[in-house]
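Mind assembling these two chains? They're in different frames, but the hints should get you there.
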Amino acid sequence: MSKIICSAAIRGAQKIYDRSEGLYKEALAKYGPEQEIGFPNTAYYLPIIYAMTGIPVAKLSDCGKVFDLCKKLIPPPVRETTPLPYLAPTLDAGMATFFVEEIAEAIGYLTHPDRYANAEDPTAGNIWLGAASDLIFRKRGVEFVDGTAPGFAAIVGAAPDAQTAAKIALELQEKNLYVFMCGENGGKRFAEQLVEAGVQVGWSTRLVPFGPDIHQAVFAIGFACRVAMAFGGIKPGDFRKNLIYNKDRTYAFVMALGDVTDEWYANAAGAINWGFPTIADTPIPQVLPTGICTYEHVVSNIPHSHITEKAVEVRGLKVQVAKVPIPVSYGPAFEGERVRGEDIYLEMGGGKTVAVEWTTSKRMEEVEDGHVEVIGPDVKDVSPGTRLHFAMVAEVAGRAFQEDFEPILERQNHHLINQAQGIMHIGQRDIAWLRISKQAVEKGFTLADIGKIVHAKYHQDFGAIFDKVQVKIYTDEAKVKEVLEQARASYNHRDARVENMTDETTDTFYSCTLCQSFAPNHVCVIAPERTGLCGAYNWLDCKASNEINPEGPNQPIQKGEVLDARYGQFKGANDFVFKASRQKVENVSFYSLMIDPMTTCGCCECIAAVLPIANGIMTVDRDYTGMTPCGMKFTTLAGSVGGGSQSPGFLGHSKYNVTQKKFLAGDGGLLRMVWMPKRLKEELGERLAKRAAELGVPDLIDKIADETVATTEEEVIAYCTEKGHPAITMEPIM
Amino acid sequence: MAECFHTKLITTSDRAKIEGAQHMEFHPETGLDTAKKILKMAIENFPNRRHNVAIPQYSQDGVVGFSHETINYLLGGLFRASYKPLNDNIINGRIRGVAGVVGCNNARTPHDQGHLEMVKELLRNDVIVLSTGCSAMACGKAGLLTPEAAKTYAGSGLAEVCETVGIPPVLHMGACVDNSRILIAATAMVKEGGLGDDISDLPAAGAAPEWMSEKALAIGQYFVASGVYTVFGTTWPTFGSEALTKHLFEEHEELYKGMWAFEQDPIKAASLMIAHIDKKRKALGLEKARERVLFDMAMRRALA
Numbered sequence: 000m001s002k003i004i005c006s007a008a009i010r011g012a013q014k015i016y017d018r019s020e021g022l023y024k025e026a027l028a029k030y031g032p033e034q035e036i037g038f039p040n041t042a043y044y045l046p047i048i049y050a051m052t053g054i055p056v057a058k059l060s061d062c063g064k065v066f067d068l069c070k071k072l073i074p075p076p077v078r079e080t081t082p083l084p085y086l087a088p089t090l091d092a093g094m095a096t097f098f099v100e101e102i103a104e105a106i107g108y109l110t111h112p113d114r115y116a117n118a119e120d121p122t123a124g125n126i127w128l129g130a131a132s133d134l135i136f137r138k139r140g141v142e143f144v145d146g147t148a149p150g151f152a153a154i155v156g157a158a159p160d161a162q163t164a165a166k167i168a169l170e171l172q173e174k175n176l177y178v179f180m181c182g183e184n185g186g187k188r189f190a191e192q193l194v195e196a197g198v199q200v201g202w203s204t205r206l207v208p209f210g211p212d213i214h215q216a217v218f219a220i221g222f223a224c225r226v227a228m229a230f231g232g233i234k235p236g237d238f239r240k241n242l243i244y245n246k247d248r249t250y251a252f253v254m255a256l257g258d259v260t261d262e263w264y265a266n267a268a269g270a271i272n273w274g275f276p277t278i279a280d281t282p283i284p285q286v287l288p289t290g291i292c293t294y295e296h297v298v299s300n301i302p303h304s305h306i307t308e309k310a311v312e313v314r315g316l317k318v319q320v321a322k323v324p325i326p327v328s329y330g331p332a333f334e335g336e337r338v339r340g341e342d343i344y345l346e347m348g349g350g351k352t353v354a355v356e357w358t359t360s361k362r363m364e365e366v367e368d369g370h371v372e373v374i375g376p377d378v379k380d381v382s383p384g385t386r387l388h389f390a391m392v393a394e395v396a397g398r399a400f401q402e403d404f405e406p407i408l409e410r411q412n413h414h415l416i417n418q419a420q421g422i423m424h425i426g427q428r429d430i431a432w433l434r435i436s437k438q439a440v441e442k443g444f445t446l447a448d449i450g451k452i453v454h455a456k457y458h459q460d461f462g463a464i465f466d467k468v469q470v471k472i473y474t475d476e477a478k479v480k481e482v483l484e485q486a487r488a489s490y491n492h493r494d495a496r497v498e499n500m501t502d503e504t505t506d507t508f509y510s511c512t513l514c515q516s517f518a519p520n521h522v523c524v525i526a527p528e529r530t531g532l533c534g535a536y537n538w539l540d541c542k543a544s545n546e547i548n549p550e551g552p553n554q555p556i557q558k559g560e561v562l563d564a565r566y567g568q569f570k571g572a573n574d575f576v577f578k579a580s581r582q583k584v585e586n587v588s589f590y591s592l593m594i595d596p597m598t599t600c601g602c603c604e605c606i607a608a609v610l611p612i613a614n615g616i617m618t619v620d621r622d623y624t625g626m627t628p629c630g631m632k633f634t635t636l637a638g639s640v641g642g643g644s645q646s647p648g649f650l651g652h653s654k655y656n657v658t659q660k661k662f663l664a665g666d667g668g669l670l671r672m673v674w675m676p677k678r679l680k681e682e683l684g685e686r687l688a689k690r691a692a693e694l695g696v697p698d699l700i701d702k703i704a705d706e707t708v709a710t711t712e713e714e715v716i717a718y719c720t721e722k723g724h725p726a727i728t729m730e731p732i733m
Numbered sequence: 000m001a002e003c004f005h006t007k008l009i010t011t012s013d014r015a016k017i018e019g020a021q022h023m024e025f026h027p028e029t030g031l032d033t034a035k036k037i038l039k040m041a042i043e044n045f046p047n048r049r050h051n052v053a054i055p056q057y058s059q060d061g062v063v064g065f066s067h068e069t070i071n072y073l074l075g076g077l078f079r080a081s082y083k084p085l086n087d088n089i090i091n092g093r094i095r096g097v098a099g100v101v102g103c104n105n106a107r108t109p110h111d112q113g114h115l116e117m118v119k120e121l122l123r124n125d126v127i128v129l130s131t132g133c134s135a136m137a138c139g140k141a142g143l144l145t146p147e148a149a150k151t152y153a154g155s156g157l158a159e160v161c162e163t164v165g166i167p168p169v170l171h172m173g174a175c176v177d178n179s180r181i182l183i184a185a186t187a188m189v190k191e192g193g194l195g196d197d198i199s200d201l202p203a204a205g206a207a208p209e210w211m212s213e214k215a216l217a218i219g220q221y222f223v224a225s226g227v228y229t230v231f232g233t234t235w236p237t238f239g240s241e242a243l244t245k246h247l248f249e250e251h252e253e254l255y256k257g258m259w260a261f262e263q264d265p266i267k268a269a270s271l272m273i274a275h276i277d278k279k280r281k282a283l284g285l286e287k288a289r290e291r292v293l294f295d296m297a298m299r300r301a302l303a
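The listed protein sequences correspond, in order, to chains A and B.
Heads up: the first sequence at position 286 corresponds to 285 in numbering that gives the first Met the number 0, and the numbers run straight through without jumps.
Heads up: the second sequence at position 290 corresponds to 289 in numbering that gives the first Met the number 0, and the numbers run straight through without jumps.
So here's chain B without its partners, still in its complex pose (with noise of 0.2 Å):
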């Protein structure tokens, strides 16, 4: 396809070389010398752009960035950093739960229509959004990826929080290579307490609504394997099995604690997911209300 335009196709890892295309090796201690010689080339090759080149006019802003690390400093300052206010607002319901939106486009759906659907009605359910890869870039599009998103399509709760923060409802955590980051912040708010002692506790899913490439499933593998619950759209490779879909769909659980789940309907599927945050919500014990703890010194003496 390169061919077709202008485009230089370079491939970086001798694991990974491409017929035709050009390769310049990676290494992380020659990485920005590297990417400062990629970027040359690609300046360079500019005036061999041709005419059938079509750009969009329409542009629209985000703010993106947040990995692990970037998160725990935004929750509480440089003095203060945690995942403590994420887990407080969950427990006491302001946001009803987390939710993974990721993977690929697919050519049998309306473009990003899955992604969006979705994520919309997650958010109208208080269950802030974490995206990756194609899903983050519809999300971005589509303005999810501003601060303002959250007054328009977030619930009130959790519209709240993204207010007091100052961050999109939906956050974008880099590229679909970049899923183990969102595993690394179910691990993080395990560890933060007060919400179970396993990612499989969390009222959190994962979903992938137009998912297409294999490495979409070995991801799936991946977030069900730690404990979650995680729902793919569009197609199933595994109905002609009813013992394999029954085994990922069912036995996985006991197993993993977490599973997969199949629904074509974005809507239907977001369902599913809140369902399950919900039941994770019981039996945490957070459905309902909690009192206030008033502190008096003899309370503060038991603090270890």
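The shape of chain A in the complex, shown without the other chains (with noise of 0.2 Å):
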């Protein structure tokens, strides 16, 4: 680091040592020692301080021993002439900045707990969102290993107007980042400066307003270290591995915007030790020799048009943007976004009207790639705040498509068209429901750009698996309906074919190493009877994807010799999962939970847990924030099974496999299945009957207990013996 910039920091780190502790002396002669603290629904305490020093801050006197290391940590000022060597005590006092934040910012919880919305998105008084719960961090987190998201800008300050704010977000956002917003200057704050200039924030256009001072800088750094202990697999305390990881898979870096004070010196200081380097607008000296981070450390007075350009670059980062020939800007970050009231312009399913999906294979010579016809009224012939019928029916062929893969290129539409800016779409096939901003029609946008945007990503992210694929888009209520008749015919085939797939009558299986960018050691292998635990892959995508991408991460495994038909062991997929976990996991069981269950990245959308003395298994999704019968929440659950590590009892999983007929057979399958949240139940509802009713026990919904009757085991126990659960007098599951 430059002398100047050390100097400032290790002040900077004095400061705010000094603030934080006398908050904590306040609060502790006003609450006493035992007086609990914490962030909000975390099972991560106050996560900078456990990654880095396994502490559990949990009680104000656990405080104590935080602030006698942060004065260690903390150097004297750095003298003016033959300074002693000033780098790494200023890395340590950046730490200890990030550790007394964390106490203040737990203690201003504890003493103005309404200081923040305490929300996904801001509510109507307040923009600042405060640390972000478990939950949140879950759904986020999933982005960043699965790759939707590389990584985040940490933004401190302001730009010098409203309009320069807009900007940087939107170009942050088309690189599909998040932006993480803290501190003010000039009186003027980066979140506040969006909103002014109309831009939705919120962690669903990943815009996200942490705090009003560079204080709240450590959210943004209590989120990276949770993704290295979540997904990572890296044990509290475990810092120098936190640290390295997040260098080389968090693409993070700080902006720093406006006048650089001492405090947000001891903020970017402490960043480096995470590798992540501060890009400046003002003219601070620069830090350009390597080694902490991954190429520069701090790069200095970039004008505003090329400051995101630059930070990636530093940040080295490569980021593929998806070009799509549309009016209206293009990514990931915009899918989030809602289109509500006032703003919609043009409005189509949703319940009100007919919208239809369908993607369907035609003979090479039937296609025109690329052509794209609107049938029926378009934009330009309807008034605002109209409502039309909607079909959209994308034909493809080509020598290498197959039938099979008309399904994996629909069901992306969804997530396609909802990137588009200022676009909202929910909903596939039939229940599709689609909304048009009056500020998306303001810039051109009409409904061919819809199939233009299905033409140009179908061929970005499928090209290896067809040729051509042409739109046409109807809105014409007779056309609507004639393609509804069609599109329902062919989604009943798709179902039975899928439905009649079984792991006995396949010989290959896929693995999926798709997050393996945050956790290294995790292997999923995908058998149509077991579909991928993130929800998102099963068998027939995995098979596309390989023939996409032959080299990407999902390969074909035989699955070889069945060393166990019960459990689901095969050796072929023994042997790849010991190669490919790099060693860690050497046998897996398909069916059970008990015996070398799958391991888990952290991104599953349900886990699965044992209760022994109930005799049976419950399961609880993502969603779901209360305890559970097993004495944990969600996230404390997915905090010991996930970072790809095996733990018996214990199992990651989709809702849909829940309603597999292979789901945990090993184990007695779903019949063993004793406590699931009611919504969980709700959401499966018609499937879990039929499993249920295969299975014999066509009223076992009702017999299985819910948060509504029983957050115990043994509140489980007494609603399954009155209630005459199949599972109670099975065998023991131990």
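Hints may be right or wrong, so weigh each one.
With a cut-off of at most 20 Å between alpha-carbon atoms, the simulated PhoX-like pairs for lysine-lysine come out as follows [to be verified]: (1) B:K150 with A:K246; (2) A:K138 with A:K660; (3) A:K138 with A:K471; (4) B:K150 with A:K240; (5) B:K190 with A:K240; (6) A:K456 with A:K471; (7) A:K680 with A:K660; (8) A:K379 with A:K456; (9) A:K660 with A:K632; (10) A:K2 with B:K150; (11) A:K583 with A:K570; (12) A:K166 with A:K379.
Hints listed in this document are in silico derivations from the structure and should not be mistaken for laboratory results.
The structure presented is a predicted model; accordingly, all values stated were derived computationally and were not measured.
Shown next, in the form of structure tokens:
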């Protein structure tokens, strides 16, 4: 670091230490040492302190030893002449800065519980969201793991004006990055500037207003620490692994907009420990020699027009930006944005009108690639606030194209269309729902652009499995109904075919190592009757993915000799997993959570756990934040099974998997299920009832306890005994 | 000589007693107490100081004490300590290489001149200097052990790295018996990666421009046998035998990958060292600029 930066950072660290210590002493006097403190809904305590030191700060008195540690970490000021070496002490002081800021924020939650909106998106009176709960963290962390978000930009301060802020935010969104915002410059704040410019902020649009001061930078760093612990399997206290994991895998950087204060320097110095460099718009000293970060550490005086591009280059990130020829911005960051009330220009589907999407194959000569046709009224023909019927038929042709790939392409429509700025898309098949905003129409968006998105993105993402695609969009009611009939016949045909595929009749399974960018030891093996635990990949998806990219994360595995039919152990799968898990996992059962269960990266939709005394199994989905009968919430469960480690008695799985025939077949199958959240029961409703009937217990759903009747194992036993649940009389599970 | 002044001479090892000296046996477990006793003796001896003591008026600050562990810490702090920043900046060319300049002063040459001329030439060429013993004292007196010296004497690349870490361009690693620390540092550089698989692969060289004691030869042989190209100045004792000289100066390279060299002129000696460093840089493929690598998700998955 340069001497100027180090001197300032060390001064800043001391100031922040003094402030936090003051708050701590006040709180101690007011609430006493036994007072509980922490961030809301997290199993990671104060995540930076927990990740770096292993100290679980849960009470005010726990802070004492953290302050003692910080006292040792913050050095005396840098001498003017013949200074002692300052880089290392500055990095240590930066670390201490985060520790004491986390404590100050925890005390803030105690003294001012309403300071933040504590939600995924801003509330009416409050744009500041505060620390991400584990629910938000897991949901968003998945995007870091699967690559849809390569990292985040921590923006500190404010742009000179709202328009510049909006432009920078848009550029970062287009690079798929999350934007975490805190700090103020000259009375202005970046997040407030975005709101002023009419930009929707919140986790849904990846523009996250953490807090109004520099101190809330800890929420960004704490997020990174949790990614390493939850998905990388890195133990709390293993600071070195956590920091290097983030340097190598989380592509984050600090963007400092405005006058850099001592406190900003202290935070920026701390971030360097994680390999997160600082890019500034002011002429502060630069630190170009490499070593702690991948490339430069501080790059300064960058004009706003180039700052995003420069930041991405300094961090060493390659982003493939999808070019789609439509008049609005396009990318995953726009997926979560909603179009509501006043903003709606045109709405289709959603129960009020028909909206159906169907991807089907044609012969090569029947398809003109890139042809998009709108049959019926388009946006220019209707007035704002109109509803139309909608049918979109994507006709695909190609030598390598197979009928099995039709649903795979079709299922992409939701993500693909939803990624356009100002367009909202929900659902699929004949329950699709689209809203087109006035802002999008103002920029020139028409229905034909939906077809252009589908054409461009099918080619970009799936070009290897087909040659040509044309899109027909109908808004004429009679035509729409005609398509609806054809599409429904096709859906039924497809469903029947997938239902009939079994693991026994299939010789090739597929691996999925997509998540190894963040969970290096985790390997999924996907069979027809065991879909991916994330819910995003079934056997057919993997097959298609392998055809698209033969060297990619989905590799065919010859299942080979059946080693154990009951638990579902296959020689080919075991050999593959041993190698691909880097020798961490030797055997994997497809149908058991008791014997060699399959590992999870941490992005599983549900976690099943054995309830030994109830002689049954419970499962809980990610969205259920309450306590479960096994004594752990979802997030605690995920903390103990994630990161690619094998924990008998626990299993990550998808929601869909619950109703598949082989679900936990080795342990007794669905009949072992004694508890699940009510909402999950409802979500799986029809399929669950069907599967239960097949098993000869048509009223199984009513016999499975939920949180309305049981939150402890004892209550589960009482309920199941009363209802005559089949698990009670099954052979002992342990 | 001690008798000419008022100085008390103390020996601490039973294998190295001197006639007329006072013996105070040193044991590691009682080291601090022994040191305190010796210090107390020195203080009590102060009133015996007589007129013929000359203490220079001149004083110079310096930052010293760079052991292997300290360097490791200074390059990344408590949480990210490693040699990576050193290796990285050698690889990217800001630092050309590493030189160990050590050894005695010699009554046959102007005091310190050989050390200082060689060290300044190395610094000017972006070679960071690790120093011990008398050589380090020479650098200290000349102000080379201050962080500010980087701006005055070092090339722009080395100066930038010194400014970043806050270190002098010459690192004082201890007494001349601490030369093993230099080789420990060299081993740590090899282990960190990116600079070959052996000490002999490193862009590094050693020198003792004003050597005089037999001990210097023994230490020099230790460097050479570890794979370091080592240049001595002043005089060379084997020129009487062509065969032995050839063995040390040439055949040693095949045996140990390190070899001896002799050059009286400190600037020319520095050039020999720089030429050797450049040869090693070339062998490592570092002579050309590296492209910046940008990472995508597939590359991240491939990380071990």
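Hints, one by one, checked against the model:
1. B:K150 with A:K246: violated, 31 Å
2. A:K138 with A:K660: Violated: K138 (chain A) and K660 (chain A) sit about 28 Å apart, past 20 Å.
3. A:K138 with A:K471: violated, 35 Å
4. B:K150 with A:K240: Violated: K150 (chain B) and K240 (chain A) sit about 36 Å apart, past 20 Å.
5. B:K190 with A:K240: holds, 18 Å
6. A:K456 with A:K471: holds, 16 Å
7. A:K680 with A:K660: holds, 17 Å
8. A:K379 with A:K456: It is violated: about 25 Å lies between the C-alpha atoms, which goes past 20 Å.
9. A:K660 with A:K632: violated, 27 Å
10. A:K2 with B:K150: holds, 13 Å
11. A:K583 with A:K570: Satisfied, since the Cα-Cα distance of roughly 16 Å is no more than 20 Å.
12. A:K166 with A:K379: violated, 28 Å
In the structure shown, a violation is registered for the earlier hints numbered 1, 2, 3, 4, 8, 9 and 12, in ascending order.
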